[in-house]
Amino acid sequence: MPIDTVCGMELSITEITLVLNGTSFYFCSEGCRAEFLRHTDDYVQAATTEVEAAEPLGPDDV
Amino acid sequence: MFRQRRQRWKQPSPSAPTMCRFVGYIGREILLSELLVSPANSLIHQSYGARERREPLNGDGFGIGWYGSDQPAEPALFKSITPAWNNQNLLELSRHILSGCFFAHIRAASPGMPVSDANCHPFRIGQYLWMHNGTIEGFRLIRRRLCDSLPDRLYDSIQGTTDSEHAFAVFMNNLGDDTALTARDLGSALIDTISQIEKWVRRAGVTQPSIYNFAVTDGQNIATVRYVSSANTEPISLYFSKPGEYCYRDGKPMIRRNSISTGMIVASERLTDERDDWVRVAPNHVLTIDNQLSTEVRLMAL
Chain F
8 MPIDTVCGME LSITEITLVL NGTSFYFCSE GCRAEFLRHT DDYVQAATTE
58 VEAAEPLGPD DV
Chain W
301 MFRQRRQRWK QPSPSAPTMC RFVGYIGREI LLSELLVSPA NSLIHQSYGA
351 RERREPLNGD GFGIGWYGSD QPAEPALFKS ITPAWNNQNL LELSRHILSG
401 CFFAHIRAAS PGMPVSDANC HPFRIGQYLW MHNGTIEGFR LIRRRLCDSL
451 PDRLYDSIQG TTDSEHAFAV FMNNLGDDTA LTARDLGSAL IDTISQIEKW
501 VRRAGVTQPS IYNFAVTDGQ NIATVRYVSS ANTEPISLYF SKPGEYCYRD
551 GKPMIRRNSI STGMIVASER LTDERDDWVR VAPNHVLTID NQLSTEVRLM
601 AL
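Protein chains in written order, with our numbering: chain F, 8 to 69; chain W, 301 to 602.
No lab work stands behind these hints: they were computed from the structure. Errors might be hidden in some of the hints.
What the hints assert, rightly or not - Calculated lysine to any residue pairs in the SDA-like style (CA-CA distance at most 25 Å, straight line):
| # | chain 1 | residue 1 | chain 2 | residue 2 |
| --- | --- | --- | --- | --- |
| 1 | W | 542 | F | 51 |
| 2 | W | 499 | F | 37 |
| 3 | W | 499 | W | 461 |
| 4 | W | 542 | F | 40 |
| 5 | W | 542 | F | 47 |
| 6 | W | 499 | W | 438 |
| 7 | W | 542 | F | 49 |
| 8 | W | 542 | F | 45 |
| 9 | W | 542 | F | 48 |
| 10 | W | 542 | F | 8 |
| 11 | W | 499 | W | 534 |
| 12 | W | 542 | W | 554 |
| 13 | W | 379 | W | 412 |
| 14 | W | 542 | F | 17 |
| 15 | W | 542 | F | 55 |
| 16 | W | 542 | W | 577 |
| 17 | W | 499 | W | 460 |
| 18 | W | 542 | W | 575 |
| 19 | W | 499 | W | 531 |
| 20 | W | 542 | F | 50 |
| 21 | W | 542 | F | 53 |
| 22 | W | 499 | W | 457 |
| 23 | W | 542 | F | 46 |
| 24 | W | 542 | F | 52 |
| 25 | W | 542 | F | 18 |
| 26 | W | 379 | W | 425 |
| 27 | W | 542 | W | 333 |
| 28 | W | 542 | F | 41 |
| 29 | W | 542 | F | 15 |
| 30 | W | 542 | F | 54 |
| 31 | W | 542 | F | 44 |
| 32 | W | 542 | F | 10 |
| 33 | W | 542 | F | 9 |
| 34 | W | 542 | W | 491 |
Unchecked claim - To spell it out: a stretch of chain F is covered by chain W in this simulated footprint if at least three of its residues, at any positions, have a beta carbon under 8 Å from a beta carbon of chain W; those stretches are:
| # | segment |
| --- | --- |
| 35 | 12-22 |
| 36 | 29-42 |
A virtual CB, placed ideally from N, CA and C, is assigned to each residue, including glycine.
With these hints in hand, go ahead and build the complete structure from the sequences.
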C-alpha cells in the first residue's frame with residue numbers, strides 16, 4: 008500500500024501524486040504535497056535512506 | 301517600597317505576525333535543562349536566536365509547566381515576563397527539576413496583546429497544560445461569542461487576555477467531563493476546537509489566515525497540531541523526535557535510535573543539529589503521543 012512521503016500515512020487512494028526524476032510520490036492531501044515541494048531535498052533524502060536500508064546486501068557488498 | 305508592575309502593551313507592528321516557540325516532553329524523567337538549556341538550539345537559545353522564523357526574538361516572557369511523579373496530578377507552573385535568556389531563576393529551576401512530562405514556552409506577543417504573567421504560556425486548567433504557537437486572526441471580533449459558549453467554571457478559569465488562553469477554554473469545553481481519555485481523544489478535541497473557532501472567525505467576516513499550532517497534555521498523553529487556515533500559507537514549523545534514547549555524546553544531546561525509546565519531544569524547532577533526529581509534523585495533521593510513547597499522525601478533515 009502506498010505511503011504518504013510527508014506524513015507517513017498509508018493510502019488507500021492515490022489521487023494526489025507527484026513524479027520527480029522518474030519516481031512517484033503519493034500524498035494524503037494537497038497540504039502534504041505542498042509541504043513536499045517546499046522541502047523536497049529533505050523528503051527525497053529520507054526516502055532514499057529508507058530504500059537503501061531496506062535493500063538486501065548483495066555478494067559484492069561489504 | 302515596591303514598584304507596581306504595570307502591564308506593558310506591545311505596539312502593533314506592520315510586519316508579519318509574531319510567533320512563539322515551545323517544547324513538550326513525555327517519557328522517562330529528565331532534567332528540564334536537558335531541553336531548555338543544553339541542546340545547541342535549546343528553548344532558551346530560541347528566545348534570542350530562533351532559527352526557523354523571520355524574527356529570532358521571543359522575549360515577551362516564558363513559562364514552564366511540569367508534572368511530578370509523587371505529587372498530585374495537577375502540574376506546577378513557573379512564569380515570568382522577563383526574557384528567558386536572562387532569567388536566572390529559570391536556569392536554577394530547570395537544572396534541578398526532574399519530570400517525565402513537561403511543557404515550556406517562550407513568547408513573542410501578538411501585536412496589541414499585553415505582556416503580563418497571566419498571558420504567558422503554558423496555561424493550566426486542572427491536570428491539563430496548554431500552549432499555542434500562532435495567532436487567531438479577528439480574535440477580538442469573536443471573543444464575546446466565544447465566552448458566551450463557555451460554562452461558568454471555564455469562563456472563570458480565564459485569567460488573561462490572549463486568544464490562546466480563550467482557545468484552551470473552548471478545548472476544555474469540547475473535552476467534557478470524562479477523565480478516562482486517550483491521546484486520540486485529546487487529538488479529536490483539538491480538531492473540534494479549531495473547527496469551532498474557525499466557524500466563529502468566518503462568520504465574523506475575517507479573511508486572514510489563523511495559525512493554530514496548539515499543544516495540550518494531561519500528564520499522560522500529548523496532542524499537538526500543525527494547522528493554518530489557508531491552503532496558500534505555509535504552516536509554521538513543528539517537529540517531533542524520532543523514537544530512541546535521548547542521551548549525550550561528546551557533551552552534546554542527541555537521540556540514539558535503534559534503542560528502546562525513553563522519551564518523545566515535540567518542538568517548534570529542531571533542538572539538536574542532527575536533522576535526522578527529527579520528523580516534521582505534516583501540515584494540517586494532528587500528532588498524538590500516549591504514555592507508552594506510541595505516536596499517531598492524523599490528517600485533519602475540517
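Comparing the hints with the structure gives:
1. 542/W <-> 51/F: 18 Å, holds
2. 499/W <-> 37/F: 22 Å, holds
3. 499/W <-> 461/W: The hint holds at about 21 Å.
4. 542/W <-> 40/F: It holds: about 22 Å lies between the C-alpha atoms, which stays within 25 Å.
5. 542/W <-> 47/F: Holds: residue 542/W and residue 47/F sit about 20 Å apart, inside 25 Å.
6. 499/W <-> 438/W: OK: residue 499/W and residue 438/W at ~12 Å, within 25 Å.
7. 542/W <-> 49/F: OK: residue 542/W and residue 49/F at ~15 Å, within 25 Å.
8. 542/W <-> 45/F: It holds: about 21 Å lies between the C-alpha atoms, which stays within 25 Å.
9. 542/W <-> 48/F: Status holds; Cα separation ~19 Å.
10. 542/W <-> 8/F: Holds, because 23 Å separates the two Cα atoms, which is no more than 25 Å.
11. 499/W <-> 534/W: 21 Å, holds
12. 542/W <-> 554/W: Roughly 11 Å separates the two Cα atoms, so the pair holds.
13. 379/W <-> 412/W: 20 Å, holds
14. 542/W <-> 17/F: Given pair residue 542/W, residue 17/F holds - Cα atoms ~19 Å apart, limit 25 Å.
15. 542/W <-> 55/F: 17 Å, holds
16. 542/W <-> 577/W: 6 Å, holds
17. 499/W <-> 460/W: 23 Å, holds
18. 542/W <-> 575/W: 10 Å, holds
19. 499/W <-> 531/W: Given pair residue 499/W, residue 531/W holds - Cα atoms ~17 Å apart, limit 25 Å.
20. 542/W <-> 50/F: Holds, at roughly 15 Å.
21. 542/W <-> 53/F: 13 Å, holds
22. 499/W <-> 457/W: 23 Å, holds
23. 542/W <-> 46/F: At roughly 18 Å apart (the allowed maximum being 25 Å), residue 46/F and residue 542/W satisfy the hint.
24. 542/W <-> 52/F: 16 Å, holds
25. 542/W <-> 18/F: 22 Å, holds
26. 379/W <-> 425/W: 15 Å, holds
27. 542/W <-> 333/W: 20 Å, holds
28. 542/W <-> 41/F: Holds - the C-alpha atoms of residue 41/F and residue 542/W are around 23 Å apart, at most 25 Å.
29. 542/W <-> 15/F: Holds - the C-alpha atoms of residue 15/F and residue 542/W are around 13 Å apart, at most 25 Å.
30. 542/W <-> 54/F: Distance ~15 Å between residue 542/W and residue 54/F Cα, so the pair holds.
31. 542/W <-> 44/F: 22 Å, holds
32. 542/W <-> 10/F: Answer holds: residue 542/W to residue 10/F is near 18 Å, not above 25 Å.
33. 542/W <-> 9/F: 21 Å, holds
34. 542/W <-> 491/W: 24 Å, holds
35. 12-22: holds (count 4)
36. 29-42: holds (count 7)
Of the hints listed earlier, there is not a single one the structure fails to meet.
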